[in-house]
Each structure stands twice: as C-alpha cells, then as structure tokens.
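S.K.: These are the residues of each chain, in order.
There are 2 protein chains.
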Amino acid sequence: MIRKYIFGEPFETEAVTEEIKTEAGLPDYGRISEEEGFSFSYRMCEEDIVYGLGEANRGINKRGYCYVSDCTDDPNHTEDKRSLYGAHNFIVVSGRETFGLFFDYPARITFDIGYTESDLLKVSCEAADLKLYVIEGENAYDIVKQFRRMIGRSYIPPKFAFGFGQSRWGYKTKEDFLRVLKGYRKNRIPLDMIYMDIDYMQGYKDFTVNEKNFEDFSGFVRQMKEEGVRLIPIIDAGVKVEKGYPVYEEGVEKGYFCKREDGSDFTAAVWPGDTHFPDMLNPEAREWFGDHYRFLIHQGIEGFWNDMNEPAIFYSREGMEELKAVLHKYLEEEEKDIPVWELGDRIEGIANHPEDYKRFYHCIDGCRIRHDKVHNLYGYNMTRAAAEAFDRIEPDKRFLMFSRSSYVGMHRYGGVWTGDNKSWWSHLLLNLKMMPSLNMCGFLYSGADLGGFGCDASRDLVLRWLALGVFTPLMRNHAAVGTREQEAYQFGDTGDFRGIIETRYRLIPYLYSEYMKAALQDDLYFKPLAFVYPQDSFAAGVEDQLMIGDEIMAAPVYMQNAKGRYVYLPERMLFVKFKKDGLYTEEILEKGHHYVEVALDEVPLFIREGRCIPAAEPAQTVAELDTKELKLLGFPGTEYLLYEDDGVCKDYEKPENYRKLKKTN
Amino acid sequence: MIRKYIFGEPFETEAVTEEIKTEAGLPDYGRISEEEGFSFSYRMCEEDIVYGLGEANRGINKRGYCYVSDCTDDPNHTEDKRSLYGAHNFIVVSGRETFGLFFDYPARITFDIGYTESDLLKVSCEAADLKLYVIEGENAYDIVKQFRRMIGRSYIPPKFAFGFGQSRWGYKTKEDFLRVLKGYRKNRIPLDMIYMDIDYMQGYKDFTVNEKNFEDFSGFVRQMKEEGVRLIPIIDAGVKVEKGYPVYEEGVEKGYFCKREDGSDFTAAVWPGDTHFPDMLNPEAREWFGDHYRFLIHQGIEGFWNDMNEPAIFYSREGMEELKAVLHKYLEEEEKDIPVWELGDRIEGIANHPEDYKRFYHCIDGCRIRHDKVHNLYGYNMTRAAAEAFDRIEPDKRFLMFSRSSYVGMHRYGGVWTGDNKSWWSHLLLNLKMMPSLNMCGFLYSGADLGGFGCDASRDLVLRWLALGVFTPLMRNHAAVGTREQEAYQFGDTGDFRGIIETRYRLIPYLYSEYMKAALQDDLYFKPLAFVYPQDSFAAGVEDQLMIGDEIMAAPVYMQNAKGRYVYLPERMLFVKFKKDGLYTEEILEKGHHYVEVALDEVPLFIREGRCIPAAEPAQTVAELDTKELKLLGFPGTEYLLYEDDGVCKDYEKPENYRKLKKTN
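Protein chains in written order, with this note's numbering: chain A, 1 to 665; chain B, 1 to 665.
Bear in mind the hints are in silico, worked out from the structure with no lab data behind them.
Hints may be right or wrong, so weigh each one.
Claimed, not checked - Rough simulated footprint, nothing fancy, chain A against chain B, three-plus residues with beta-carbon under 8 Å:
| hint | segment |
| --- | --- |
| 1 | 27-38 |
| 2 | 55-66 |
| 3 | 423-431 |
As the list claims (entries may be wrong) - So the derived label-pair ranges between C-beta atoms look like this:
| hint | chain 1 | residue 1 | chain 2 | residue 2 | range |
| --- | --- | --- | --- | --- | --- |
| 4 | B | G637 | A | I588 | 56 to 62 Å |
| 5 | B | G637 | A | G592 | 54 to 60 Å |
| 6 | B | K182 | A | E35 | 48 to 54 Å |
| 7 | B | G349 | A | V326 | 15 to 21 Å |
| 8 | B | H328 | A | E318 | 22 to 28 Å |
| 9 | A | I588 | B | G37 | 55 to 61 Å |
| 10 | A | E318 | B | E348 | 22 to 28 Å |
By construction, the Cβ of each residue, glycine as well, lies at the ideal position given by its N, Cα and C atoms.
Just chain A, same shape as in the assembly:
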C-alpha cells in the first residue's frame, strides 16, 4: 500500500513511474513540519532498524549517524562523511512499526537517523516542495519490493558485463592496453573488459580519441574484441571550452549548456580546464549530448562509464577570481605571514563549492531553474541521455552503462560504481554494506573499485576484495594513477588470483540468472539476512554477510591477516569453498554460529538448505563459458530455475529463457 503526499510545488524528477494518486492530509507515521523548510520526525524504538539510503556511508542499518543527500565528488570516504556521489532518499523503518518513506526531492536533504538524539529520526530539507511516498507492507522486504515496482524496472546490462574488468587511471596508449591484455591472457586469468580512463581522450575532450596514441581506433577496438576484451571508455560531464571543438561549438550555438543568471554559459574547470556543463535536464540538450555517444559506438564500443557528473567542479571562473583576489590581499601585507590554514581551507573548498552550484541554471520546457535546487538530478540525467541515445542508435541491443552520480530513477538507465574508494580494509567492508542498500533503491548493477582506487594495495587486500567482488555484478579492479599497480598479475604467484577470478566465471550462470530474475521481478539481488529470515532476531543484526539471489549467502573475509571469520547461519547450509585449479570443498553446517577458515586463495559461499546452484567450467571470457553442461552444487534432489538469454537482446520475456535444472545425486 503506497500513499503519496504532495507538499508545495515539487520539481518533477521522474523518479517514480507508477501512477499513484495523491492523498489529502498527512501520513499516519511521524510528524511533519513545514515551519522552517520541511521536516519529518519519528521517534524510534530501541529495536527499530532503518534500511535504505542506497549509496550512503556506514552500515546496512543506518541508525546512529547523519546522512546528507547532496551528490559530491569526495574521494575520502572516511566514517565521518555524510555525502557521497548518490542521492537515494528511500528508507524503511523496521520494528515496532514498519513503513517505507521516499522523499522525492532533488536538492540537499538530511537524514538524521538517531545521531543527534539516539531515538529520533529526522528528515529535513530547505524547501517544503516535495513528494513523499509512504509505503506499508508485511515487512521491510515487502515494502522494498513495492518501492521497486513504483520506480520501474532496473537497468539490465549485456551479459559480458558480468565478466571481470581491469581498469587504471593512467593507461594512455595502445601499448598500455595491450600490456594489460597480455598480463591476463599470459597468466590465463579471465578478462572481459579493459576500462579506458580519461587519458584515452584528446585533451580530455568528450567524444574524442587521442589520435597519436590510438591510430585506427576502430581497428584497435576490433583487435581487442578478437582477443575477447571490450574497451569501455569513460565520458565526463563537462565539455571543454575550445574553439573548433565541434561538441563545444554546437552546444554554444544551440544554447545547450547551463547558463549563468546573465545568460552567459557557466564555466567550470574540470580535467580539460575550462568546460561548460550540458544542460542534462533539458530534454533537447539531453538528446543532443546522448547522440554524441554514437561517435564511439560506431567504432565498435559497447559500453561506457559516466563520470564527474555530480557535476564535479575543480573551480569556477568566479572562484578563481576570488582566490586571486585573496592571494593579492595576502601578499600586499608584506610583513604578515600567509595564513596557511585559512588558505588551505580555501583551496580545499574551491572545489565543488556550494556557491558555485547557485551560479548556473537549467532550462526545462522554457522554465529556468537554479542548479542547486535540482543538483541531485544531474548525473541521473547524464546517464539517461546516454541510455536514451542507445535506444535510438541500436534499440534491440543492451549497452554497458554505469555512472558515478545518481538519483533514484537513474537505476532504469544504468548502474553505479561507488566512486573513489581507497585501498583500505575498512572499504572492503563498506563495499559489502553498500550493496543491499543500493539494490533497495533500484541500483542492481553495482560494485566498488576492487582493491581500492586511492592509496597502495597489498596482495592480500586485493585477493580478499576480489573474493567479495566475485559476487558483485560489476566486478572491476580499478586504481588511481600514482598508486601501486594492482592488476591481478602484479603480485607474483598469479595462481591465487586466477583461482578467485575463475570462481567468478564458474558462478556466472548463477549470478547472471539471479540478477536477471531480480531485475525482471523488481526484486533484490543482494539482500540483508533479515529480509530472508524476518523471524530471526539475530539475523537482523548481521552486517557483514549477504544473501545473494535466492540460493546463497556470502560471508567474505575483510580483516587483514585473518585466517577465517565468524559466520551466522540462519538455517542449515552447505558451506562451499572454491579453491584454485577448479577444486572445491563442501561441508554441511548446522544453523547457528560458526568460525570458518578461509585461505587467501579461496572463495567461500553458503548454499541454503534444499537449494542448489549451477556452476560452469571456468573460461577466459563470458562468451566462452559453456553453459550447456552445468554442474549443480548444493543439496541432492533439488532444482534450480536457470534464466539464460543471449546476453545482448532485450527479449527477456521469452519462456525459452528459463530452464529447470535438477540435482539428482
């Protein structure tokens, strides 16, 4: 049961696709105030759990901290951070009363979930212009499914996107990419994608390729594809200001860039230096921007990642002028020292400055709206621009697409990666905790930069993180320029890495099948244990294990030097450890608490009582997987309903896509 309440004059975000009639009056839960902006307050009981918020910091249970939906390019995801890249304003209170809330509001909104007062949930924003959806259901899981139906089917990637991908900011030339390919193929480590970070472009210009480093780019794309590897280029939000650059000139001419109050094109420095931001909220501009992806698609590209689309701003022209004025003032007072901390704060604050987001406007159906009032929709609409273009360019084909910034609604157009994490063990655990929350908000195709983007990784960290990545739909190792090289062949003895990545490929029949079923049924791929075992009070508190699909539970090791970990089984399960060289062990474990040993080269999983899962022989690419002869692991006498399609087309509803597998022995 979903009830919709409208306050003030909400901006139409198009997050919700279902028609829901508007209620009069106020919701049955909590207390709403429209005195200073808008706030929703609710007193929580001690046992209440709060789920949701998608790509937010901290736990699966969001209690005990304060989160702000305000899409931000911040690469330091320490525990104190309140805003990351996404804005996913859906929560479920589960306890004495159980209900879901979706605050459809496109600007900054704060979720204080027992931080200021331990028992107070308070959601507040500046303008009382929003739609509030209140969802009642049998339990938290049921509420999430209703929410998911309401916001429309999640994005479905092509099947190759379930393969393993390697990325690094710093690959510049054909030779760099060929070296990666060779590193994997020579060591027989499976690989389906190599990602192209910003250096492939000419001067960081969107929809260009560096001609010196990539002579005959389409030939190179073809050559890589013959080796079984797709190149996946990045696209940034800002369009370089450069005379003679067609994308820039067209955008200026057609008025498709975001404008200052005086009507001039707003300028922000990002990777290419000065750029303009395409007005992604303007349908015409969106169509125009999306059409440019054609340039790469026509050269054989089948997937992209959209970046810098919060949109990130290194500094605006205005910010730079202010900085120069301040520096002049400092230097004029010759006898005084430069106030280094003040200057340091100013330098740090010049990026993504809130004032800058008030300096430009969107134009939607002839109406002008200041950016900060719709800030959280920018990445969403950039990705929508791409996805709508794909539908025009090749309507029957799936493209790989994921984004850094997002808002609910974008889940229909692409996935997300969780941005610039670090090579920290704590971020391995954060990766795990973010997954079910992202799923609740519709983002099924998701994953983190395995091994960590910033800082230097160690061999054991990469191995343990890959063993979690085996289960994330997006399985990508990515690192920043200047950090230790962390490709799977960089740490000596590659057998351990091959074993773990091969395990991913062995499990793809199951993982893909479960992903597709979740997407087609508005269900979850990752679930907290409590969603599957709602009567189990211990399961409700488990924050470091996940249900994946309907048959298995994952419990990765996330502590350095640990030889294993504790795991809680809400029912009897078959504990399977995948080892290298195609080996595995099986052991029945009873319901309850266990300590399980897991070596660095092993991938543990738990098959639920009375279930089985299919596993293939490993292959070097998804395309090479033999799914005709699938082995079934699990409990004898059980069945598995496999979903399988060609991985490219969109005829998801064909009955032939389903096939029942029986485990006899």
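Given the coordinates of chain A, work out where chain B should sit on it, guided by the hints.
M.R.: This is chain B only, laid out in the frame that chain A set:
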C-alpha cells in the same frame, strides 16, 4: 639471550640501560646489507607473526604493511598512513624461527613487513650507523620481557592517574572548567582530572597562565583539588619568540635553542606563531627547560602532558618565504589560473616538511648534529627534561606525565597517548590493537582519546569506546574544538555513562595492581592472547581481544549497532558483565567460540579459570575508593595477590604493598 651488533658510528640514544657486550660478525638471522645505507632482510614463513612497533598503525600482527618510524604530527590516522607520532623500532618474528630485533637508530627507518613482497621482512634506513640488538628466547613473550629488562623500568604514574579524565581543546576559562566539574559531579559520574589544552596559556606561551581567565591560578588549582579534581596542563615544545618573555629571553641568552647552520636560532611557527625549539638533546638545555615546570608545580599542579614534540612545525620562516615567492610567481602570470592542486599540495606540505628538519641543529657535548639525523629523539628528550626536573623538584613524589611523540627510552620517563584520532569506530578498534604493541616497547601508561578527538561522536560510539577505556591505564575523553561536545553528560540519560565509568573505578584495585606488577617486573599489562596461550594456534590470530594483567581478558564491542560480538575463549572463563547501578551478571563459558550479547551500558570482561579479581564499590574519585573491603569476583577457592601503595611515593619494593586476597565462596 641478547646479542648486540654495532654498525658504523651510532648516535647514543640512551634507549638501552642494560650493559650488553658487542658481538663481532653478523646476526644468525636474516641478511644484512650495508651497500645502500643499511638493510636487514628476512624471508618469512606463511605462519610467521610479526609483533611490535609500539604506536604503529594497523594490527597486532604487523604483517602486510609498511611502517616508517619518523615521528609525525599527522591527525589523519587512516589505514594507509605509515608514520604516526612515535618511533618504536622493536619487532618480534614469531613462527618457524622466533627472535626479536631492536634497531636503535634515531632517524627515519622503514619496516616493510610483507608489503612489497608478502614473505619479505625488510628493515632499512639511510645511514649504516646503528645498534642492532637480536634477542632469542623461549617464545615471543619471553623475548619481549628480555627486551623490556634491557630498556629499563617503565614509568609509574601516581594512582590518581588511573581515574577518569575529561579533556577538550576549547576550555578557556575557569567557568569552562567549573562547568565540566559540575556536569560530572551533578550527574554523580566519577572524575579525577580535567585536562587543560593550549587555551589556558597566555598567548600559547609555555609556563604561563592566562591571567584574565585564571585570576589566582593556584587558588583555583586548590579549589578544584578540594572537589577531587586535578588540573593537568599541556606543555608544547616550541617556545614563543617574544621580547620580554623570560623563557624566550633566557633560552636565547644561554644558547639553548636549536640553531641554523649559520648559528642563528631556528624559527618555526606553531600555536604561538614564531617559536624556537629548546635543544632537548643538550643536557644543559634539558635541565633548563625542565626546571620551568616548577612554575606550575609550585601552583599545585601534579601532572602534565607534553605535546607538539615531534616537533610539529606549521611552517618555518624559510618555508613561508618560499610560499610567498611561489604565490608572487603565480600572480605575475595574470592570464593563467592558479594551479590549485599544486598550491594545495604545497600548503599541506609546508607543515612538518622534511627539508625543515634539515635546517636546524642540536649541540650535544660540544658536537653539532643535524636534527633530521636524530629526529625521533626529540619528544623523548622533552619528556625526559620534565621527568628529570620532577626528580629534582620533588624526588619522592610521582607526577603524571605523558607525551605525544616518543622513542624507546622515553617509556622510563612518561606514558603516551596515541594522538589526534577521530570519532570513528575503526579508531576504537585501532586503539585496542595499539595497546599491546605499545606495552611491548615499554609504554605501559597509555591510552587513546576516548570518543575520538577529531570529527563528531555519536552517543553509542562514546559509550562503546569508554567501555574499552575502562581497561586502558590512561582513561581520558578528549575532543577537538569545533567538534560535537562529548563529555559524558552531553548525550541525555547519563546513567549509561555513569555505569561504565563507575565500572572503571570498581576495577581500579585490580587494574592498578596489575599495572604496578607489570611495571615492577618489566612485564606486560596488555598482552595478545598468544603470549598467554602460546600453544593455541587460534589464539595467535585473535586481533580484537586482549589479556589484561594476569587474570582477565577483555573483548569490547567495536561495531556500530552491534548487540554483542563473537569472542574466543582459549580456556574456560567466567564471563562478567558489569551493568549500571552496581549490578553485574556472571556466567561460566567453556573454552571455544561464543557470541556474547553486550548492551550499550555494559562492560564485559572474562576472568580466567582458577582466578579471581578484586572489585571496589564505586566512588567519585580514586582517593575516595574504599580498598579495605574488596569484593572478589571469579572462581571460588582462588587467591589474588593485590599490590597497593599510597599512590604517591616511590617505595614500590615495600613488602607491605602486597596483600593476598582469598575468594572463599
């Protein structure tokens, strides 16, 4: 068995007090190279554990990362950081071969413990001028005890230092301190100390008190003491450059400050603006600086904390001139933007810049030595200056003294706190992991800023952290200016806080007794489980439980929203949960794995089989504790040897200090 090897011409650090003859030849373990500087390499087996490094980042087992001893004022203790405030160059390899190594070297030295290559331990430094001590023993614990004997008895604080202390950077006036006192006393939460951070001084000048804010300071000290609370002021390393300020003028006149190559006094900006650094390595200067503590002692002060003694440098005069030159250059190129990242890096790098540590010199017995070559000894010798002065001023009295920066040897003069941590759950766990390593290096009196110094704390974090702090000799809640107020009375319902801090006071008879026995016998107060159960292979991997003294094990909860935790019992134990209002529960748990529930207001501990511990009735101060009527908790028919003294004098060896307690029922 300790063997000493001398390479080159080591600087005499006075870390070691025992006479040990020098061996000819090379150690039996590893491979030493003097080709490029000095390096020690050793191939580790898979099962080898490496202990030690004192106040270093990451785990109890140091494997898998790289650590650099290079005392640094860095307030962001994220997982990637290699240097913190201390330099504790002692490690123990425990496994196929078991041996200890102490690299007595006062400059930057790197411990790569399986980071670059998983199985390679490599210790390296720039100059092959050091003493290397190689220690053999029965096991890791025995080696640590030999090391501890070799470096001399650990610092012993007065007994009041085992009480609870409140601190905050930002208390400025008498009224601020009285408000804290009232907050505690009104809520009947025990308190023995309030710490005075830098704002108590006049213009951040050492050995001054702001006269406006603290009229009749000695009267105020007395007034607070009558309320049972001692004021503990901070002392910073740098002496403000200010005409008419006697400490400055004396230091200049006597030539006691560190000098530039040209003989002028080196100037670095710290809290007071420009300062000079007393030459703490020069015995005369040390005596002079130490004598100044008298100013506060004569006003009734009985304890201090030494800060900024890495020494921290905000910027040097040279650094400021370079910065100004760079800014001028930027601004001259009017048409160009300021390179904000380059400037940001420069601003960040201006503090504690390695070049600045090469710009000043110490003078020791007439010999000049450049600071960077003895950098890690500065905080050590500042604290030594104070402790040696205490011995001159009141030879029979113990003073509270702990320091931020340290080197092995300083453990004889004071304790340490672990510096500027954050209100992060991960730092609660880091606190736990640092404790046994610090103990191994001699630092018994130690603790972290409970609740976290930087960032904003939540109620549950402070409660859980205090529940760990119950066991750390230094139990202090401390926070930075600008962060959320986190005194125990700031989060509503103070009963939970009172309960936990009262539990500390109930346990002081045990904690103090164990501390004293550890100090007097060169033993450990905190031990990894493996030291007590060397045959238990599971215990060797436990990184989140600690043995405290000889009778108990602690296993605090360190995850947000957790209702309890897993715990491993290497033997049968009595599980005691202290609750508020003097209540507690007891339960015998068998050897093995358990999940134990622990509420936010509870303090869990585990008493070993066949042991008992004394507990007092809670009191508002240590002085008020009644230790005549002690309750014994634990297994019936057991005995406990209590150490108790007057907590002030130094007659530790008196037989009357020991008293046998019997638990009959």
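S.K.: When the structure is checked against the list of hints, which entries are broken? Sort them ascending.
M.R.: 1, 4, 5, 6
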